[in-house]
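S.K.: Sequence:
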Amino acid sequence: MMYMLKVKERERAISAAMELAKEAPQDDRMPLVVKALANYIEKSSLGNRDLLREVDGLLVRRDPRSALQRVLAHMVEMGASEEPAVRKYTTGEVARFFGVSIQTIHNWIAQGRFKGIPKRERGKQFRIPETAMYVSPFGEPISVAEAAEMYARQQKRLGLDKPMTDEEELAILRREAAYFEQKYGGSYEETLGRRTDLTPEEERDAEEWLSLIRSIERRMKRS
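Residue numbers (my numbering): 4 to 226.
Just so you know, these hints were derived from the structure itself, not from any lab. Please note: incorrect hints may appear among the correct ones.
Stated by the list, open to error - Quick list of in silico lysine-lysine cross-link-like pairs, DSSO-like style, CA-CA up to 30 Å:
#, residue 1, residue 2
1, K165, K224
2, K91, K186
3, K159, K118
4, K9, K118
5, K224, K186
6, K91, K118
All of these numbers come straight from a predicted model, not from anything done at the bench.
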């Protein structure tokens, strides 16, 4: 069941979320609630990298109340939006769905095998929407959502359909970062991070690579 909210109702809901955060007891439990909600946002289609970085900064500055306000406001705003949420996946996740390597997914993207992928946003980790279509060399199309569903059914048959642990997610991020290390022959700091004459492709890779490094650092802080 989907609740439809008018513009004024949406504004009132966001205001109420801010007030709830203000009234919440500020003790050592509040940062834990914020971290749990941030994890949910990152795992779901509500993910917003800029928001998560802002929340992480507020927690570092020991301002969990403001962090909770940002998280709740974002969740209420997304929940009240009339736009349907589209789940987005990392290249590592899509590689698992299709049973190939992360490098193969990047190759397919470069070859134009995926249709419906938006341009990479500056400073954000590249994500592939579930609505994107993969077209095989034989012209057979399959959406990322269909591939994800088939993978989930296969995992269930094998008894492997358990929630991914933080360690497993961290391993996936590291594999994605390793793709760029292998591609450029070293760490970010040793390669793209020290150059100023990047090509458009290298600039896009540098942005995604740096975003992956930040995601890895953020998860390691939480562990």
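S.K.: Now tell me, hint by hint, if it's right for this structure.
M.R.: Each hint tested on the structure:
1. K165 to K224: holds (24 Å)
2. K91 to K186: holds (24 Å)
3. K159 to K118: Cα-Cα ~28 Å, so holds.
4. K9 to K118: Outside the cut-off at roughly 34 Å; violated.
5. K224 to K186: holds (27 Å)
6. K91 to K118: holds (14 Å)
Of the numbered hints stated above, the single one contradicted by the structure is hint 4.
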